[in-house]
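A.B. asks: The opening residue of the sequence shown carries number 32 in this note's numbering; numbering runs sequentially from there.
Since the hints were made in silico from the structure, they are not lab data. If you're wondering where the values come from, they're calculated on a predicted model, not measured in any experiment. One should not assume that every hint holds.
Here are the simulated lysine-lysine pairs, PhoX-like style, with alpha carbons at most 25 Å apart [stated by the list, open to error]:
1) Lys33 - Lys59
2) Lys59 - Lys72
3) Lys61 - Lys33
4) Lys61 - Lys72
5) Lys33 - Lys72
6) Lys33 - Lys62
7) Lys72 - Lys62
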Amino acid sequence: MKGLESDIVELETISETTGDRGYIEILKEKKMALANLLDVKVQGALVRSRFLNINEMDAPTSFFFGLEKKNGQRRVIHSLLSGTGQEITEPSQIRRRAVSFYSTLYTSEYEEGETLSEGFCNGLPQVSEEANSLLEGPLTI
32 MKGLESDIVE LETISETTGD RGYIEILKEK KMALANLLDV KVQGALVRSR
82 FLNINEMDAP TSFFFGLEKK NGQRRVIHSL LSGTGQEITE PSQIRRRAVS
132 FYSTLYTSEY EEGETLSEGF CNGLPQVSEE ANSLLEGPLT I
C-alpha cells in the first residue's frame, strides 16, 4: 500500500508537469486501486470493531484502527490459573490448561453395570400381562 501511495504522488507530479494523458490514466487506475484497498481494510475493521456501517464512525483514522485492535485484545485470554494456583501466561500452556479443565469438567460420570441398572429399576410399577396384551393389540375406535 505504501508503494502504491508513493506511485500516486510520483504520477501526480509527472502528470502536472507534462500533462500527458497516459500518465493521467495510469494515475486514475492507481487511485482506484488504492481506494479499493482502503475500502477492504476499512470494511474488515468495521466488522471486527462491531460497527454496522461507516456512518457510525468518523473517517478511518488511527483511533478507528486502534479500536479494532483493542476489541481484538479483549477476546484473548491473557492468563489462567493452573490446578496448583500458579498463573499461566504462555499461550500454549493456556490452551493446554483450558482443554484439560473442560475435559475434566465434561467427563461422563456414567458407569455401566448390571448392579447400577438393577438398583435403579427395582421397585418400579409393572404393567400386568392382561393389560400388556390389550396394549399390544390392534387399535379400535
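A.B. asks: Each hint should be assessed against the structure and marked as holding or not.
C.D. replies: A quick look at each hint next to the structure:
A distance of roughly 17 Å separates the Cα atoms of Lys33 and Lys59; the hinted pair therefore holds under the 25 Å criterion. Proximity of Lys59 to Lys72 is assessed by CA-CA distance (about 20 Å); at most 25 Å being required, the pair is judged to hold. Simply put, Lys61 and Lys33 have alpha-carbon atoms about 12 Å apart, close enough for the 25 Å limit, and the pair holds. At most 25 Å may separate the alpha-carbon atoms for a hinted pair to count; Lys61 and Lys72 meet this at roughly 17 Å.
A hinted pair counts as satisfied when its Cα atoms are at most 25 Å apart, and Lys33 with Lys72 qualifies at roughly 14 Å. This hinted pair checks out: Lys33 and Lys62 have alpha carbons roughly 13 Å apart, not beyond 25 Å. The suggested pairing of Lys72 with Lys62 holds, with an alpha-carbon distance near 15 Å, which does not exceed 25 Å.
Of the numbered hints listed earlier, not one is contradicted by the structure.
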